[in-house]
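> Chains A and B, in that order, are what the protein sequence lines are.
For what it's worth, the working numbering labels the leading residue of the first sequence as 1, then goes sequentially.
For what it's worth, the working numbering labels the leading residue of the second sequence as 1001, then goes sequentially.
FYI, nobody ran anything at the bench for these hints, they're computed from the structure.
Hints may be right or wrong, so weigh each one.
No more than 27 Å apart at the CA atoms, straight line, and that leaves these computed lysine-lysine pairs for DSSO-like [as the list claims (entries may be wrong)]: (1) B:Lys1015 <-> B:Lys1071; (2) B:Lys1015 <-> B:Lys1062; (3) A:Lys61 <-> B:Lys1044; (4) B:Lys1078 <-> B:Lys1062; (5) A:Lys49 <-> B:Lys1044; (6) B:Lys1071 <-> B:Lys1044; (7) B:Lys1015 <-> A:Lys68.
Some chain A residues close to chain B (C-beta under 10 Å, calculated; not the full set) [claimed, not checked]: (8) Val4; (9) Gln6; (10) Asn24; (11) Tyr27; (12) Phe34; (13) Gln42; (14) Ala92; (15) Phe102; (16) Phe103; (17) Thr105; (18) Gly106; (19) Thr110; (20) Pro113.
Now the stretches of chain B that chain A is said to cover, found in silico as 3 or more residues with beta-carbon under 8 Å [unchecked claim]: (21) 1038-1046; (22) 1102-1114.
Where is the CB? At the ideal position from N, CA and C, for every residue including glycine.
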Amino acid sequence: AQSVTQPDIHITVSEGASLELRCNYSYGATPYLFWYVQSPGQGLQLLLKYFSGDTLVQGIKGFEAEFKRSQSSFNLRKPSVHWSDAAEYFCAVGARGANNLFFGTGTRLTVIP
Amino acid sequence: EAGVAQSPRYKIIEKRQSVAFWCNPISGHATLYWYQQILGQGPKLLIQFQNNGVVDDSQLPKDRFSAERLKGVDSTLKIQPAKLEDSAVYLCASSQLAGRDTQYFGPGTRLTVL
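Make a model of the complete structure from these sequences and hints.
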């Protein structure tokens, strides 16, 4: 069965600083991988996804993520954080041939001026 | 394009009462999902529909939860009777197809059971 670990519950960064959110997954084959963002009172919005091919994936709002098979990781990065990036970030894994997604417990990002 | 619509946005009930949530997916999306998100956790799939048929309901507590998707469009999720541990945000999502297709989420319904 698939599972996702987001080891950081809460991260605080200064505006303009770089950001990396960690995600480790467990799955026997190459999974589908996703990063979603959830602002307070909002639904989840897809930032980016990986299915196959280039392991460095570009997403919306200047985010990118890199799939590293050897480390079972799919970390999310942004070179310069904006105050509007403060939100909850969820990594999710989907199995090829299956239908549903398994989500991590999320990382809450706080951005300080 | 209109997004996934859900109502109500908030609901407070007492334990043992019943409650229903409504979801209208993005037009043309064949697949509809209901997730439960407990505070401090990631969303957990409760049930998935493909058109008006159930694809996966393995995580749905069937003794108290039920869901339907009549005519393959709107969907209703019901809890009867509610328990304290059902307090959560209930998210509806839809996608054109299942599997690798992007899921689009609604704003959710926050349920508080007292």
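> All hints are to be evaluated individually against the structure, with a verdict given for each.
Results for each hint:
1. B:Lys1015 <-> B:Lys1071: 31 Å, violated
2. B:Lys1015 <-> B:Lys1062: 17 Å, holds
3. A:Lys61 <-> B:Lys1044: 26 Å, holds
4. B:Lys1078 <-> B:Lys1062: 10 Å, holds
5. A:Lys49 <-> B:Lys1044: 19 Å, holds
6. B:Lys1071 <-> B:Lys1044: It holds: about 25 Å lies between the C-alpha atoms, which stays within 27 Å.
7. B:Lys1015 <-> A:Lys68: 46 Å, violated
8. Val4: 7 Å, holds
9. Gln6: 8 Å, holds
10. Asn24: Check failed: Cβ of Asn24 (chain A) comes no nearer than 14 Å to chain B, outside 10 Å.
11. Tyr27: 14 Å, violated
12. Phe34: Holds - the Cβ of Phe34 (chain A) comes within 10 Å of chain B, reaching about 8 Å at its closest.
13. Gln42: 6 Å, holds
14. Ala92: Hint on Ala92 (chain A): holds, closest Cβ of chain B at ~7 Å, below 10 Å.
15. Phe102: 8 Å, holds
16. Phe103: 3 Å, holds
17. Thr105: Hint holds; Thr105 (chain A) Cβ to chain B Cβ min 5 Å, cut 10 Å.
18. Gly106: 6 Å, holds
19. Thr110: Where the cut-off is 10 Å and the nearest Cβ of chain B is about 16 Å from Thr110 (chain A), the hint is violated.
20. Pro113: Result: violated, 27 Å to nearest chain B Cβ.
21. 1038-1046: Holds: 6 residues of the segment 1038-1046 of chain B have a Cβ under 8 Å from chain A.
22. 1102-1114: holds (count 7)
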